[in-house]
Amino acid sequence: MIVTTTNSVDGYRVSGYYGIVFGEVITGINFLRDLGAGIRNLVGGRSEGYEQELMQARTEALQELEQRAASLGAHAVIGVDMDYEVLGQGNMLMVTASGTAVTLEQA
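Residue numbering for the sequence shown follows the working numbering, starting at 1 and increasing by one per position.
Hint data in this document are derived by calculation from the structure and do not stem from the laboratory. Hints may contain errors.
Using C-beta positions, here's what the derived DEER-type ranges look like [as the list claims (entries may be wrong)]: (1) Gln52 <-> Ala107: 21 to 27 Å; (2) Ala107 <-> Gly28: 18 to 24 Å; (3) Glu85 <-> Thr5: 16 to 22 Å; (4) Asn91 <-> Gly11: 43 to 49 Å; (5) Asp83 <-> Glu105: 29 to 35 Å; (6) Val14 <-> Tyr84: 37 to 43 Å; (7) Thr5 <-> Gln67: 32 to 38 Å; (8) Gln56 <-> Asp10: 27 to 33 Å; (9) Glu51 <-> Gly19: 29 to 35 Å; (10) Thr5 <-> Glu60: 41 to 47 Å; (11) Arg13 <-> Asn91: 41 to 47 Å; (12) Glu105 <-> Gln52: 36 to 42 Å; (13) Val86 <-> Gly16: 22 to 28 Å.
The model shown is predicted, which means the values in this text are computed figures rather than measured ones. For every residue, glycine included, the Cβ atom is placed at its ideal position computed from N, Cα and C.
All chains should be built: construct the whole structure from the sequences, respecting the hints.
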């Protein structure tokens, strides 16, 4: 499955549109990671715990996006956009991926 932020794929033309598809992940940040991030906020540096959680959530959102597109019969998802939100009191992270599911043919 081709997943791209562009609205076209070099060497291919869009032959069918299946509509907008989404992949959403809402994940909780555990207490120890939150504590570690708070300390990093005081002394400076990167929060590896939050970064790992964000990377995992992004990967899962894209996988869900691909699965939903494939279930429609699509070959690709074009125009992909990622959105990140903090929910609750900063202990929940929502990652959303959206794009247009399409079929492609060689140009």
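Q) Which hints, by number, does the structure contradict? A) Violated: hints 1, 2, 6, 7, 10, 13.
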